[in-house]
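Protein chains in written order, with my numbering: chain X, 1 to 539; chain U, 1 to 225.
Some clues are possibly wrong.
[What the hints assert, rightly or not] The list that follows gives simulated cross-link-like pairs (lysine-lysine, DSBU-like), each with its CA atoms no further than 35 Å apart:
#, chain 1, residue 1, chain 2, residue 2
1, X, Lys406, X, Lys288
2, X, Lys265, U, Lys52
3, U, Lys38, X, Lys127
4, X, Lys320, X, Lys288
5, X, Lys114, X, Lys145
6, X, Lys495, X, Lys145
7, X, Lys262, U, Lys18
8, U, Lys52, X, Lys254
9, U, Lys52, X, Lys19
10, U, Lys52, X, Lys127
11, X, Lys127, X, Lys161
If you are wondering where the hints come from, they were derived from the structure by calculation, not from laboratory data.
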Amino acid sequence: MNILNLKNMSVLIIEDFDKMRLLVRDILSPLMPEKIVMARNGKEAIELLEKQRFDIVFCDYKLGGGKDGQQILEEARHRNLIGYNAIFIIITAENTSTMVMGAIDYLPDDYISKPFTPSELQNRLEKALRKKSSLKEIANAIKDKNYSKATALCDQKLQEKPGGQTEILKTKGDLLYKLGRIDDAEDFYKSLLDERNIPWVRQALGQIYFQKGNYSQAQLQFESLIKDSPANVIALDWLAATLEKQGELDRCQKLLEQAIEKSPKSPVRQRKLGEIALQNGAYEVAEKAYEYAIMEGKHSCFGDMSDLSGLTKSMINQGKTEEAFKSIESLQKDFKNNPDTRLHAAIASSILCRETNELDKCSEYLKTVSSLIKSQPENMSPQTALDVTQSCLAVDNLEMAGDIVKQLVSNHFENEHLLNQVRDLYEKAGKLEEGNKLIQSSKQEIVKINNEGVKLAKDGKLEQSIDFFIQAAKGMPNNATINFNAAYSMIQQMKKTGEIGKYLPLSKQLLEQGHKIDPQNQKYFQLVKLAEDLNSQAA
Amino acid sequence: MKTIDFSTILASSVHDVKNSLTLLINKIDEISAITADKKNKSELEQLQYHGKRISSHLIQLLVLYRIEQAHYFANITETGIKDFLNESLELYFPLFAQKNISITIQCADELYWYIDRELINGAITNIMNNLYAHAQSAIEITAYTENNRFVLQIKDDGNGYPEEVLHSRTSGQQKNFSFTSSNTGLGLYFSEIAAEMHQNNGKSGAITISNDGINGGGCISIDLP
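Only chain U is shown next, with the shape it has when bound in the complex:
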């Protein structure tokens, strides 16, 4: 019997689930639009957030699948970073405000870089979803260029990365993230792949993580050529 590769089956199911989920989210949108009650509305927003969180996860899985199958081709274009960050984070401002977590962005108006918007947006979404669970009160996002490379750094004031995650990176066991504890592993894996898909004249993108965030919190840097 000829069997189909399991990852193909998985990808196709993910695709299917994602479509249903989109319908679900749209329905919640509709209900939310006609809901006047404040408490109900706020709960619907929570629901929406979780729906979108699942959806963005599934999209990332599909992107990873396409990359693995060599079906994903980076679309790297010059991008206004400030606009891009604002767009990418739009959903998170009200959400984090509810939890009294402040988000500050430091990025020059005139900062432009060559990025694949879908990939970097995916990485940011992943990081923010993690921070929703881990940040205490503040997130600092900084974007700048240095030595003809672009750096996007996100710091938080949570408990920082667990020792084994940091260790697995420094000991050179790249991509060997822990998938067991939370979704940290998948998120980092995606960010790493997203960065590596950025190539220019033989140089390639990378990520670094540390606990040099606010008061020993986590710090992740995406560094692109």
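This is chain X alone, in the form it adopts within the complex:
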């Protein structure tokens, strides 16, 4: 057989079946890895991954209760528990990977289906190792966030050898995006499609169109992918997102339902369906989706207890208030180990009491909410903030509503749609004037702060402007504009002094934060490009 050597490598085997675990170990130990560690379930696995770095992970998909293999992979990658170069192979009983497919950003390096022979397993591992080692230099440059160098390395590899470079082509496209060269990325993908109709390229191109807000083009790409392969869950998700942006919520819902039929285990997808179905008035669909989102989220790093509110609203709208009370109660017990449960159970309860007109009780729940927010300030999603505001207004607690709205506006002062939603809530509560005043003053405050920082920068007082924006960003971490402007001042300063060490990592961090909040803000790409140009000039 092939002489595969795992010298200096550490291996983790995650498998609940004793016999199988030992089998995998016996296949690997002749290859002389530095060590082989074994875990029986997701909990043990995550604990080990938190403590040690592994080069190779073999993980069974089905692990009895608790986390499944896909969820372990997602958590390991999401929390950076495994290195960029680590290999993760999922062992499945079925040879179809769509069955086990969760979040698509988190694919394993390979799947291997049971039963397998020792040489099959070794071959798969060897292949994965070979692939990683050919990408090693590029991966290191990416790890150092030196994207220009990584891109140059990709071009070099592509020139050396034209075939078998799918990984490098994918990486190059990602890098162009990371460098803010979104137009170059578009041209790159188009040139690949001229040669051959490759599904992943089509997908990537569709996502570029989406990022640019070019929804009709994006729609064409995703639709053609689905035509060629109706089980393409990723394309279904993206087509749904594209239709949502265009306001076609009915079709959006249908597509999400289709995607869920194929791959029901993603809490993110279930949550999205819940959200869309709720807007469409399809309350039964929404209820089921939120229920799934909560249950599938139990062992997933993408679980989110705010789904309780969505579930509650779906039930209220069907007149199932009794059941809703019971659901909240039992879920609160089921999820008592999750630190967010109390807050979100209180929010959901307040919504329920508001709708059943038990305002005293609603008021009590809001008090709990208020004290929990103070003791564990968490990043409230806009939807949660709107829910809480509505309840506050119902019980005439204008002070608490004001605090929540101020926070919301400070983070999203340019999002007119959201501000209108706040305005609506106040109007329905018969307090339009107060609402307008509150929004106006909160907004003015932020605009004033922002302008002040911009003016400092314009006057050439860059260091002052930077300090000012850093301070402001601390108070408003979810304000994309503040994040972007802080980064902009830093970029100007780096340009002026020629020194990038001090601000480059921070400015990029701020840009990433801004991008996360407002993914379609094109300013991100311009600024990233400026920062990366400085980076490559210095290098």
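Fit chain U to the given chain X structure using the hints.
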């Protein structure tokens, strides 16, 4: 009375049989693993081969059924051909060695092409199963690219394809293979469909057969865009 389409009934039975067969093969695997006696082991290997042969046949039937029902969607990805061939043929090396038939593969390490692994693997399995009965002493497998197309050619030193099979192809009666004699007909039919499922920018895959193999033996080429 509403009747179900017969092919649907057939497909569902095939599926059921395939599952039982998988259990059977796994059992043989288990027994083989704890068998020390050489002769017994070799006989179990024969048993295994035939089990896997039936299983791969059934899988192909199901794939054909899915294609016919428009439920099969080609999954064409860039594939390292050498690795792929080695994986696909792994089972056959020891098996053919027992019959003193040599298998040689000519394929550049750096050869990559866009293929649907399941379909091409099915085609190869079919061809190899035929050769198990027909090849005398040698099989030559060659993979290369030519004019921006990929060619996979398998030659053997058997008696070649019967005249009526060759004729039915040249006379344009495509897919009208003889299903009566051996399983040659189904195998070729599957390979043809597998090749045609490979499409790129308006071009499509095809197969050709001839008796230009070793010493007038059979030669089949799968040619993909």
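Comparing the hints with the structure gives:
no.: 1; hint: Lys406(X) with Lys288(X); verdict: holds (33 Å)
no.: 2; hint: Lys265(X) with Lys52(U); verdict: holds (33 Å)
no.: 3; hint: Lys38(U) with Lys127(X); verdict: holds (33 Å)
no.: 4; hint: Lys320(X) with Lys288(X); verdict: holds (13 Å)
no.: 5; hint: Lys114(X) with Lys145(X); verdict: violated (38 Å)
no.: 6; hint: Lys495(X) with Lys145(X); verdict: holds (19 Å)
no.: 7; hint: Lys262(X) with Lys18(U); verdict: holds (23 Å)
no.: 8; hint: Lys52(U) with Lys254(X); verdict: violated (41 Å)
no.: 9; hint: Lys52(U) with Lys19(X); verdict: holds (25 Å)
no.: 10; hint: Lys52(U) with Lys127(X); verdict: holds (25 Å)
no.: 11; hint: Lys127(X) with Lys161(X); verdict: holds (18 Å)
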